[in-house]
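Number of protein chains: 2
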Amino acid sequence: MLIADLETPALILDLAVLERNCAAMAERAKRHGVRLRPHIKTAKSAEVATIATRGQFGGLTVSTVAEAAYFAAHQFRDLTYGVGIAPNKIPALAAIQRKHDAVINIILDNVATATAASIAAEKEHSAFSVFIEIDTGGRRAGVDPEDSELLAVAKAVAESKSLKLAGVLSHAGHSYHARSVGEIRRIAEQERSGVVRAAQRITAAGLPCEIVSVGSTPTMVYAERLDGVNEIRPGVYTFFDLDQVGLGVCSEDDIAVSVVATVIGHNRRSNRILIDAGALALSKDLSASEFTKNVGYGLIRPVPGTVLPASNLFVADVSQEHGMIAAADDELPWDSLSIGAKVRILPNHACLTVAPFDRYYVDRGDGTAKVVWEKIRGW
Amino acid sequence: MLIADLETPALILDLAVLERNCAAMAERAKRHGVRLRPHIKTAKSAEVATIATRGQFGGLTVSTVAEAAYFAAHQFRDLTYGVGIAPNKIPALAAIQRKHDAVINIILDNVATATAASIAAEKEHSAFSVFIEIDTGGRRAGVDPEDSELLAVAKAVAESKSLKLAGVLSHAGHSYHARSVGEIRRIAEQERSGVVRAAQRITAAGLPCEIVSVGSTPTMVYAERLDGVNEIRPGVYTFFDLDQVGLGVCSEDDIAVSVVATVIGHNRRSNRILIDAGALALSKDLSASEFTKNVGYGLIRPVPGTVLPASNLFVADVSQEHGMIAAADDELPWDSLSIGAKVRILPNHACLTVAPFDRYYVDRGDGTAKVVWEKIRGW
Numbered sequence: 109m110l111i112a113d114l115e116t117p118a119l120i121l122d123l124a125v126l127e128r129n130c131a132a133m134a135e136r137a138k139r140h141g142v143r144l145r146p147h148i149k150t151a152k153s154a155e156v157a158t159i160a161t162r163g164q165f166g167g168l169t170v171s172t173v174a175e176a177a178y179f180a181a182h183q184f185r186d187l188t189y190g191v192g193i194a195p196n197k198i199p200a201l202a203a204i205q206r207k208h209d210a211v212i213n214i215i216l217d218n219v220a221t222a223t224a225a226s227i228a229a230e231k232e233h234s235a236f237s238v239f240i241e242i243d244t245g246g247r248r249a250g251v252d253p254e255d256s257e258l259l260a261v262a263k264a265v266a267e268s269k270s271l272k273l274a275g276v277l278s279h280a281g282h283s284y285h286a287r288s289v290g291e292i293r294r295i296a297e298q299e300r301s302g303v304v305r306a307a308q309r310i311t312a313a314g315l316p317c318e319i320v321s322v323g324s325t326p327t328m329v330y331a332e333r334l335d336g337v338n339e340i341r342p343g344v345y346t347f348f349d350l351d352q353v354g355l356g357v358c359s360e361d362d363i364a365v366s367v368v369a370t371v372i373g374h375n376r377r378s379n380r381i382l383i384d385a386g387a388l389a390l391s392k393d394l395s396a397s398e399f400t401k402n403v404g405y406g407l408i409r410p411v412p413g414t415v416l417p418a419s420n421l422f423v424a425d426v427s428q429e430h431g432m433i434a435a436a437d438d439e440l441p442w443d444s445l446s447i448g449a450k451v452r453i454l455p456n457h458a459c460l461t462v463a464p465f466d467r468y469y470v471d472r473g474d475g476t477a478k479v480v481w482e483k484i485r486g487w
Numbered sequence: 109m110l111i112a113d114l115e116t117p118a119l120i121l122d123l124a125v126l127e128r129n130c131a132a133m134a135e136r137a138k139r140h141g142v143r144l145r146p147h148i149k150t151a152k153s154a155e156v157a158t159i160a161t162r163g164q165f166g167g168l169t170v171s172t173v174a175e176a177a178y179f180a181a182h183q184f185r186d187l188t189y190g191v192g193i194a195p196n197k198i199p200a201l202a203a204i205q206r207k208h209d210a211v212i213n214i215i216l217d218n219v220a221t222a223t224a225a226s227i228a229a230e231k232e233h234s235a236f237s238v239f240i241e242i243d244t245g246g247r248r249a250g251v252d253p254e255d256s257e258l259l260a261v262a263k264a265v266a267e268s269k270s271l272k273l274a275g276v277l278s279h280a281g282h283s284y285h286a287r288s289v290g291e292i293r294r295i296a297e298q299e300r301s302g303v304v305r306a307a308q309r310i311t312a313a314g315l316p317c318e319i320v321s322v323g324s325t326p327t328m329v330y331a332e333r334l335d336g337v338n339e340i341r342p343g344v345y346t347f348f349d350l351d352q353v354g355l356g357v358c359s360e361d362d363i364a365v366s367v368v369a370t371v372i373g374h375n376r377r378s379n380r381i382l383i384d385a386g387a388l389a390l391s392k393d394l395s396a397s398e399f400t401k402n403v404g405y406g407l408i409r410p411v412p413g414t415v416l417p418a419s420n421l422f423v424a425d426v427s428q429e430h431g432m433i434a435a436a437d438d439e440l441p442w443d444s445l446s447i448g449a450k451v452r453i454l455p456n457h458a459c460l461t462v463a464p465f466d467r468y469y470v471d472r473g474d475g476t477a478k479v480v481w482e483k484i485r486g487w
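Chain order of the listed sequences is A and B.
Terminal number for the first sequence in the working numbering: 487, no gaps in between.
Terminal number for the second sequence in the working numbering: 487, no gaps in between.
Don't read these hints as lab results, they were simulated from the structure.
There could be a bad hint or two in this list.
If several chains are the same, the list does not tell them apart, and a pair holds so long as it fits within one copy or across any two.
Derived lysine to aspartate or glutamate pairs resembling EDC-like cross-links, with alpha carbons at most 20 Å apart [as the list claims (entries may be wrong)]:
#, residue 1, residue 2
1, Lys231, Glu297
2, Lys269, Glu297
3, Lys231, Glu115
4, Lys231, Asp113
5, Lys207, Glu318
6, Lys231, Asp186
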């Protein structure tokens, strides 16, 4: 079957771009002398994980219990569950460790969680490797590197019989709002120095802190030095998206995933072309709008084997299963986008667009949809 | 298992509220003398469909091919696929009709689609019942009631051997942005008169137009008269949500679905409580913000059997699997929302929040999660 003949909406993945993105990040990791533990929440696919871990130690970062179970079942046995652990998830994670002889590293940033996780793990006759989450400026989760709580958490973990202190970890999420490459570089250095400082304080207190791990695609693309760090965990670089283009982290040619949709209507009164991909197929993420005008819920591009006379088309509005295409200059190519025509939509935020789909149709450059990769979703 | 012990994020459904909402809409349909064909894209569940069609003729409205296949397999054999048909979906829909002896009504608003659908249906040795979509002011899809295209479309459908003209249909989506009950009533009358006018023009041209169908929860709650209409297709009324509360269409007590999440962190520097429900579990829909301050990605409420000292908590920000709770007065109840505590999040837009989940935990008023209803999702 040709990609141009897929039933829509469908998710397609450009294999050559994926491989190039993964090779480039592996090269960066090598240059910095750090190991790469890709955050696979973006792709949620064992095939993508295999490509992303080529030449690496094989560890992954995951974001849900469902991902942990899926990747462990697909022979990925060293997983960091990269969301602050809810103690009630310990039984499910312990079961995955047992069933697949896997190691699931959990993350936490406070004594109450350390205590609850320790008790829950003990109840399961299980043990967990723990990373302490460090806030290096993102202001989402994590303990400040200078906070007295840091050593209290490290001590609580180190003293638990069912927990093992593996290291420290951060995610510089604020790099997603940087206004220049210079600012991304400053955030990368802030992340590096913050997490290294936290590790120094823990080891100075006589506690172990073997792994010093940082994340985020923008900071990993532009970091100038990673001294003291030995693991990186970027994720969206596997696919990239319009938000990363807007940030200056990649070019549009680096975007590996897009949604194929079909033209279902022409609304000349509102000057919109309707497609069958809406809020569920694209997500309501508007992140790229922070940097770019006329991007809406995604940019319109031709499907392989077709031509589109305009490059200024975007999804201006969505309802649940409808998308409304507008043109930046209000000149829509009605004839090219006739009823039944197919288009591709480049995503604002690949992680959210990809999430609800069950599979990728893999474009190997021949315009066919013969190769299908199933993926995990949900929780 | 208690709802308070569910692994999170989880979707819960209050059965008593669902039944009350469905009974109220059935009563409205009865009062207006119209049949009710619920739009089941909100719930995507056979059990909900059974309750929503109690005492009705059993027809449903669906929004995806996956829903059509699922509901046909669950004995719902009269389905209107309520998104302008993409001709490439005809083979899949024809297969569903054959396999389940079902009738799938398709909708379209232009001659090109009518022609393509006719050819595609003929190729499948199949026939489809067709509704012509009418734009009564929503400016999404549909032909204007006064447009000359209307009769051209009706003629194209009526002359096709594989299509049967069943009627006209509209969805007053602009009612979602009304600023008062009076405005919703005006839109309801605009919808009614527009679709009735379209039906009159078709029948005056000697063509059949048996069913005159209107939709949208706000207009169906407040419509004063539905003369000339014989079918209604509201959907979100089954569950309601914060957007409908903001519109004045329901009260918060009418919201039947919510997401249960667990507190995973306290960030006192940013004055946020972290939970394990983020952009994927809640959606990035911000619709309720059009009407209400401090609602963010959803309001925080207690889970059954627990107490929450504050009613002004909301999800102020989300990332993929993280939610950040803020308080309207910046006074967070840190002690009540300790690590591991559970909360419920009322959704902004139930359709989008519910979509990615695989199941409902049904709250029958006893605080347990013993009853589980599976649902369909995806495409």
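These are the hints, each one checked on the structure:
Neither within a single protomer nor between protomers do Lys231 and Glu297 lie at most 20 Å apart by alpha-carbon distance, with minima of 41 Å and 63 Å respectively. In this homomeric assembly, Lys269 and Glu297 never come within 20 Å of each other (Cα to Cα): the closest approach is 35 Å inside a single copy and 69 Å across copies. Taking the shortest Cα distances, Lys231 and Glu115 sit within 20 Å of each other only across copies (17 Å), while inside one copy they are farther apart (48 Å). When the C-alpha separation of Lys231 and Asp113 is checked against a cutoff of 20 Å, the pair qualifies only between copies, where the shortest distance is 16 Å, while the shortest distance within a copy is 53 Å.
For the identical chains of this complex, Lys207 and Glu318 are neighbours neither inside a copy (26 Å) nor across copies (60 Å), given an alpha-carbon limit of 20 Å. For the homomeric pair Lys231 and Asp186, neither the shortest alpha-carbon distance inside one copy (22 Å) nor that between copies (52 Å) is at most 20 Å.
The structure is inconsistent with the numbered hints 1, 2, 5, 6, although it conforms to all the rest.
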